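Per numbering that gives the first Met the number 0, the sequence shown starts with residue 0, numbered consecutively.
Note that these hints are calculated values from the structure, not bench results. Owing to the predicted nature of the structure, the values given are computational and were not obtained by experimental measurement. Careful: at least some of the hints might be erroneous.
[To be verified] Computed cross-link-like contacts, DSS-like style, restricted to lysine-lysine with a CA-CA straight-line distance of at most 30 Å:
1. 110 / 50
2. 77 / 91
3. 5 / 47
4. 77 / 257
5. 24 / 50
[What the hints assert, rightly or not] Computed Cβ-Cβ distance ranges for the label pairs, DEER-style:
6. 144 / 235: 35 to 41 Å
7. 115 / 94: 45 to 51 Å
8. 82 / 180: 30 to 36 Å
9. 7 / 197: 49 to 55 Å
10. 100 / 165: 38 to 44 Å
11. 268 / 95: 23 to 29 Å
12. 94 / 48: 37 to 43 Å
13. 144 / 45: 43 to 49 Å
14. 194 / 92: 19 to 25 Å
15. 268 / 100: 29 to 35 Å
16. 92 / 263: 19 to 25 Å
17. 94 / 228: 30 to 36 Å
18. 203 / 228: 29 to 35 Å
19. 118 / 255: 34 to 40 Å
Every residue gets a Cβ at the ideal spot worked out from N, C-alpha and C, and that includes glycine.
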Amino acid sequence: MVVDNKATISYIRVLKEDLAIFHIKPNEGQVPDFKPGQFVTLGLNVPKEGKIIRRAYSIASPPEQKKHFELVVRWVKKPLPGRLTTELFNKKEGDEISWVKPTGIFTINEKMPDGSPDNRRLVLIGGGTGLAPFISYSLHLKSKGSKRQIIVLHGASYVDELSYRELLTELEAESLDSNSSGWNFRYRASISRPQEWFNRSWNGHKGRVETFLRPKPGKDKSPLEELVGEKITPENTSFYVCGWQGTVDGVLDSLVPKGFVTERNKRKDGTFDVKFESYG
Numbered sequence: 000m001v002v003d004n005k006a007t008i009s010y011i012r013v014l015k016e017d018l019a020i021f022h023i024k025p026n027e028g029q030v031p032d033f034k035p036g037q038f039v040t041l042g043l044n045v046p047k048e049g050k051i052i053r054r055a056y057s058i059a060s061p062p063e064q065k066k067h068f069e070l071v072v073r074w075v076k077k078p079l080p081g082r083l084t085t086e087l088f089n090k091k092e093g094d095e096i097s098w099v100k101p102t103g104i105f106t107i108n109e110k111m112p113d114g115s116p117d118n119r120r121l122v123l124i125g126g127g128t129g130l131a132p133f134i135s136y137s138l139h140l141k142s143k144g145s146k147r148q149i150i151v152l153h154g155a156s157y158v159d160e161l162s163y164r165e166l167l168t169e170l171e172a173e174s175l176d177s178n179s180s181g182w183n184f185r186y187r188a189s190i191s192r193p194q195e196w197f198n199r200s201w202n203g204h205k206g207r208v209e210t211f212l213r214p215k216p217g218k219d220k221s222p223l224e225e226l227v228g229e230k231i232t233p234e235n236t237s238f239y240v241c242g243w244q245g246t247v248d249g250v251l252d253s254l255v256p257k258g259f260v261t262e263r264n265k266r267k268d269g270t271f272d273v274k275f276e277s278y279g
């Protein structure tokens, strides 16, 4: 049985017409415990349907944030506008919404199957709003003082869709500080439509986000390997991928031939190197 809780939309930051950040504040109590990478299900009454419509959204805020859930939401209008998301984008700060306790399995694996710590670097690849769980991952790991190397790779069509660029740049700056106490974080973004006028200021990586894994013509190492200074292998790196199915497929096309194994196709000993979640 679904148990709806009441909340208030306490903050809306519109990044562009179809992309926004929302804060959902429970009306009673605080945000319950959850794991980074899980999602919260929101519900709104849709008048023309005469019933409550629910949809799950990945949580961008870390579990240490107890005042509200933070969500970054894309309003997809084609081929048909999302029913719940359309209603959400018509809401204002102070409006009420319902929510269901967070759940989901796209969480960080801290240990290997034999119980030993998984100390491999984490490469977190997000396409569009698929970045959301990795904001939660990163802020949580920083809060707990993790020493694992964390690399966030984000892909978008336009520069104004790099929703957490400022935050992630600051997290890298803290990592580069000599007093960072072991915090080891890097952030790189890629724009897939660099030729468009709106992206004229972009001077970073160009192409789909999965091209970070492919050597450029005349190069032996991929841009990711150049960033970390060594060859990427299943022994030293684990990948988490979230976004459209095309993004997931593009990443797997690069990793599987190199011996990387997904969680859905674990080795006999239970080990794997790639965990993914797609939303289309």
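Hints and how they fare:
no.: 1; hint: 110 / 50; result: violated (43 Å)
no.: 2; hint: 77 / 91; result: holds (23 Å)
no.: 3; hint: 5 / 47; result: holds (22 Å)
no.: 4; hint: 77 / 257; result: violated (36 Å)
no.: 5; hint: 24 / 50; result: holds (23 Å)
no.: 6; hint: 144 / 235: 35 to 41 Å; result: violated (21 Å)
no.: 7; hint: 115 / 94: 45 to 51 Å; result: holds (48 Å)
no.: 8; hint: 82 / 180: 30 to 36 Å; result: violated (46 Å)
no.: 9; hint: 7 / 197: 49 to 55 Å; result: violated (34 Å)
no.: 10; hint: 100 / 165: 38 to 44 Å; result: violated (31 Å)
no.: 11; hint: 268 / 95: 23 to 29 Å; result: violated (49 Å)
no.: 12; hint: 94 / 48: 37 to 43 Å; result: violated (18 Å)
no.: 13; hint: 144 / 45: 43 to 49 Å; result: holds (44 Å)
no.: 14; hint: 194 / 92: 19 to 25 Å; result: violated (37 Å)
no.: 15; hint: 268 / 100: 29 to 35 Å; result: holds (34 Å)
no.: 16; hint: 92 / 263: 19 to 25 Å; result: violated (40 Å)
no.: 17; hint: 94 / 228: 30 to 36 Å; result: violated (49 Å)
no.: 18; hint: 203 / 228: 29 to 35 Å; result: violated (19 Å)
no.: 19; hint: 118 / 255: 34 to 40 Å; result: violated (23 Å)
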